[in-house]
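J.: Below, each chain spelled out in residue letters.
2 protein chains.
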Amino acid sequence: MPRLRLALAQTNPVVGDLVGNSRQIMKAAHEAAARGADLLAVGEMALTGYPIEDLASRPSFLKAARNEVTHLSQELHSAGLGELVVIVGHADGPFEPRLIGTSSAPTAIARNSASVLHHGQVMATYSKHHLPNYSVFDEYRSFIPGDELLVMRVKNVDIALVICEDLWRDGGPVGRVLESDAGLLITLNASPFERDKDEVRLPLVTRRATETDTIVAYVNIVGGQDDLVFDGDSVVVDGSGRILARAPQFQEHLLIVDVHPKEATDSPLPENVRLISLDPRHPSQPEITQDVAVLPDDNQQLWNALVLGLRDYVRKNGFRSVILGLSGGIDSAVCAVLAADALGAGSVYGVSMPSQHSSHHSRSDAEDLAERVGLHYSVQAIAAMVEPFEAELGLHGLAAENLQARVRAVVLMGLSNSHGHLVLTTGNKSELAVGYSTIYGDSVGGFAPIKDVPKSGVWALAEWRNAFALSRGETPPIPENSISKPPSAELRPGQQDDDTLPPYDVLDGILEAYVTRKLGAADVIALGFDETTVNEVTTLVDRAEWKRRQGAIGPKVSGMAFGRDRRLPITYRPTKNS
Amino acid sequence: MPRLRLALAQTNPVVGDLVGNSRQIMKAAHEAAARGADLLAVGEMALTGYPIEDLASRPSFLKAARNEVTHLSQELHSAGLGELVVIVGHADGPFEPRLIGTSSAPTAIARNSASVLHHGQVMATYSKHHLPNYSVFDEYRSFIPGDELLVMRVKNVDIALVICEDLWRDGGPVGRVLESDAGLLITLNASPFERDKDEVRLPLVTRRATETDTIVAYVNIVGGQDDLVFDGDSVVVDGSGRILARAPQFQEHLLIVDVHPKEATDSPLPENVRLISLDPRHPSQPEITQDVAVLPDDNQQLWNALVLGLRDYVRKNGFRSVILGLSGGIDSAVCAVLAADALGAGSVYGVSMPSQHSSHHSRSDAEDLAERVGLHYSVQAIAAMVEPFEAELGLHGLAAENLQARVRAVVLMGLSNSHGHLVLTTGNKSELAVGYSTIYGDSVGGFAPIKDVPKSGVWALAEWRNAFALSRGETPPIPENSISKPPSAELRPGQQDDDTLPPYDVLDGILEAYVTRKLGAADVIALGFDETTVNEVTTLVDRAEWKRRQGAIGPKVSGMAFGRDRRLPITYRPTKNS
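In order, the protein sequences belong to chains A and B.
Just so it is clear: in the first sequence, position 248 is 248 by the numbering used here, and no numbers are missing.
Just so it is clear: in the second sequence, position 122 is 122 by the numbering used here, and no numbers are missing.
Pulled out of the complex, with its shape left as it was, chain A reads as follows (with noise of 0.2 angstroms):
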């Protein structure tokens, strides 16, 4: 059986930076043919990032895309790498829009492609066939679907090109084009981060090889993309099932395989399916060293998603530093560590704000975080600033209590609009969903760490960090009274969550079922919670939705994170048991 030569890059693409997304493949292109490879491929839109939202139906936006492919073909040309067959995914157009099926997107005029790269020339086209449409994606509303089918042949190995959601769908383009006996199948792929998915992708993966008896390589992107975070995790998968080799996840990577596939045959290929004929010529090279990551447990996966996501979010749009409120409570500390984890302690501000209501362990369990992790830190106390409102405005009861969160919201806004500082906002999904914040007060923020995390995710993964420390020898940054006190957000005397809310493992249990699983109240209550707990619990997360919208995005890490992956109305009145 023949020999080819595969890299796989992870890159990590800017959404419009066609210039330093091309950089990067070029980059890894010049690494890839270094070491031998025969062919290259980058991830489902890497040269323009994904996803592009409406930026699809921007026509110079498409056409600058498009010269962009070109232009990256002779450039790879001219840097002496035109051997290396090159699979880039960018976004194409604009094309006339098309009425599809009983769907109407008359707007859609771009396609989510793949082009083939060889000898100075974009040999060919594959456009994805199955457009996503759930959850994040909105991708018939961006796109017109592809209906063609390309096969290359590649030092006569008959090689299949999909994107994606192809891969996903029984009887779509894969079963297709692997009646043609293909050797291998390529899948270029963003696809983002959520807990566990692993245990649906990878077996995907493995079915899709294992019923054809047929290589297949996924590459994914990486990287923080406003809300979604793409982990990589790009992996070959040979016929029998067995992993040939695998990315590690959250970072760039390019991941180099020998594989063997089955020679073409000269049977017919079927209907619809374009061949191609490729023959990269160069030395050959002795048979390289497996390269097979293994991924870590699932909190390391999170805080890695989580890191990333951030990291990614302040790189990406030009901040250095971020500043955020110490409370001495267990969130804060935890997007603390995060930020100091993405960006280094050096560029992490954390200020604690006490107000009358603090307790002394509020402030010394925040300067006992600020020392352990090595961070910024500064107190600002809020008296003066909100006894001037008090007595102007006379607040009492609920608005005093947001009054104090306000002017803390006031003091952080200052210090970023003065350094330059990204505010983070520390609120966790539990918060979130039953609006236990104060709007335009601890809600204030461009970027949300643990908006995904329901509170009693948020323990776990702080004493995760804490034993991972320790496993290294480290200090452990997040100190234990954060952990271990009963979470308050200190705006009245002795006021404690479970004062207004149930305790966070009842909260936590009835938001998976009303949320995440879609359950009505009727159905919630069924599964044994109490039922005027219940009654509370969802009227507080329908009547939270305006909050909800005008929050900060942060890190999808869940299979249903508020924000696009559920889009519920404000004005909504609900009926009984619906």
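Calculated from the structure, these hints are not laboratory results.
Warning: the hint list may mix true and false statements.
[Claimed, not checked] Okay, derived cross-link-like pairs now, DSSO-like style, lysine-lysine, Cα gap no bigger than 27 angstroms in a straight line: (1) B:K262 - B:K155; (2) B:K197 - A:K63; (3) B:K27 - B:K155; (4) B:K518 - B:K485; (5) B:K547 - A:K547; (6) A:K63 - A:K27; (7) A:K576 - B:K63; (8) B:K576 - A:K576; (9) B:K518 - B:K197; (10) A:K518 - B:K63; (11) A:K518 - A:K547; (12) B:K485 - B:K576; (13) A:K576 - A:K197; (14) A:K155 - A:K27; (15) A:K63 - B:K262; (16) B:K197 - B:K155; (17) A:K155 - A:K262; (18) B:K576 - B:K547; (19) B:K63 - A:K27.
The structure presented is a predicted model; accordingly, all values stated were derived computationally and were not measured.
Here the structure of chain A is known, so what remains is to put chain B in place on it, guided by the hints.
T.: Leaving out everything else, chain B in the frame of chain A:
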């Protein structure tokens, strides 16, 4: 030719409120029956509200909706209205998720349906075939398309039934059902207002009627739902293109009209068309007079849309009053008058919050406005609250400017929390586009009445509203000085908007090209705008996305509103000329 008496009910549903929406339909049915109607039709999803967004993926909601359809049919019968044929739009399900065409929408379990109720029974249900998935619509995410057609034979007239987008698609079900030689086509709609949309909608209805020589009855819902304003404007057009009846815009209305459609023939129906026969029996009444509303001019339509959007947001979300800062400028003046028109001046609270940089006229113009309109007015100077922040934090430049806006926000939110007022934020579309506002400052609020009106449009509206008052012998509500003085944020001495921004006529021209027409920067420059100005403006627009994401919703009244109509990434590094 037989005579049919049609009743089209323009109801104003609340999303989720099955009981309340059903009550509206019962009320319309009582009146329709009393006036001798044979058939009553309400708008698309009038029973569930529209759009229901991801409620479409909640099985308990769909079951409750289906139960309510059954319940409504029984209730009509019990109330002695069983002879009336009632066509009601609703969400239906849950169905098994289905993969359709090349799109992957495995989560859709609902249909967008219309049921025919008669004699206490649900006689038949039609489901929408063509699902809009562009602009503000995400129906491919929400719904499984229908695949059956329905014709009702009522008093020996064949009546075809379609839903909204079905009417727009050439070669869609409309064509198919009209092959059946139907005498009447009823279309249920949830079609939001946009400026100049009537120039498209009525011609379409007319074209469908004339091209097939069939009477077309078009019934639309009315009312505000989050960012959408449904304008009603239900209409009946005959096969010669004549308007037989037309309901007024922006109000609930029962439109009753006698039509004389051609009789059913015995020619066989096209394949896949289901025929049901219904025979309503009640005493016939004399022919009724025609009810044909006349549309007001463009500015009045726009004003009415903004008033209804604001009123319904307030009312449907359980507020009784609104509060807003009055700066003496045009934007807050127009918002205050809109609120007074929507809710009555007694429900509007205006606060003047002068700072050291406020001109004398900023307070006197605000006071003048309050007197003209008769709204609640108070003055709350901010110096005493600004100074402690300056003393504690030492803010300068932009940080000090933003501070003033944020202190005003804390004041407004404090008053809102104390008194239960909804805070209105008064920014216009031009400001929102370029981020000319202070986040967590003047942008705070639950609703943004003029967020889709560019500055030049705000002036035009103010002039129109004043002229409208004069034409009715009323005092023009907006002080002339608020209209004529140069716009200023008054955050530093002598500041004017055009210190920072191009003149608004230039800015709005560039925004129209870049935002609405989706031209790239190079194409905008090619229209004749100054290159430097275009590059500055487009960069501001791109960079303000994070602020817009955290902004309040407000009524979409243009063909391209910020919000779900225009979805762009925050993290975006544009390539030159793309």
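J.: Determine for every hint whether it applies to the structure shown.
T.: Each hint tested on the structure:
Between K262 of chain B and K155 of chain B, the direct Cα distance comes to roughly 11 angstroms. Compliance with the 27 angstroms bound is thereby established for this hinted pair. About 30 angstroms separates the Cα atoms of K197 of chain B and K63 of chain A, which puts this hinted pair outside 27 angstroms; it is violated. Of the supplied pair hints, the one linking K27 of chain B and K155 of chain B holds, its CA atoms being roughly 24 angstroms apart against a limit of 27 angstroms. For the hint linking K518 of chain B to K485 of chain B, the alpha-carbon distance of about 32 angstroms lies beyond 27 angstroms, and the restraint is violated.
A C-alpha spacing of about 14 angstroms is found between K547 of chain B and K547 of chain A, which places the hinted pair at or below 27 angstroms, so the restraint holds. Straight-line distance between C-alpha atoms of K63 of chain A and K27 of chain A comes to about 24 angstroms, which keeps the hinted pair within the 27 angstroms bound. A hinted pair counts as satisfied when its Cα atoms are at most 27 angstroms apart, and K576 of chain A with K63 of chain B qualifies at roughly 12 angstroms. For the hint linking K576 of chain B to K576 of chain A, the alpha-carbon distance of about 54 angstroms lies beyond 27 angstroms, and the restraint is violated.
Of the supplied pair hints, the one linking K518 of chain B and K197 of chain B holds, its CA atoms being roughly 19 angstroms apart against a limit of 27 angstroms. Pair hint K518 of chain A plus K63 of chain B holds up; C-alpha atoms about 13 angstroms apart against a cutoff of 27 angstroms. A threshold of 27 angstroms between alpha carbons decides the hint, and for K518 of chain A with K547 of chain A the separation of about 20 angstroms falls inside it, so the pair holds. Between K485 of chain B and K576 of chain B the CA atoms are separated by roughly 37 angstroms; this puts the pair beyond 27 angstroms, and the hint is violated.
Taken as a hint, the K576 of chain A and K197 of chain A pair is broken in the structure, with Cα atoms around 34 angstroms apart against an allowance of 27 angstroms. Under the criterion of a C-alpha separation no larger than 27 angstroms, the hint pairing K155 of chain A with K27 of chain A is consistent with the structure, at around 24 angstroms. Between the alpha carbons of K63 of chain A and K262 of chain B the distance comes to roughly 53 angstroms, so the proposed pair goes past 27 angstroms and is violated. At most 27 angstroms may separate the alpha-carbon atoms for a hinted pair to count; K197 of chain B and K155 of chain B exceed this at roughly 35 angstroms.
About 11 angstroms separates the Cα atoms of K155 of chain A and K262 of chain A, which keeps this hinted pair within 27 angstroms; it holds. The suggested pairing of K576 of chain B with K547 of chain B holds, with an alpha-carbon distance near 23 angstroms, which does not exceed 27 angstroms. Between K63 of chain B and K27 of chain A, the direct Cα distance comes to roughly 55 angstroms. Violation of the 27 angstroms bound is thereby established for this hinted pair.
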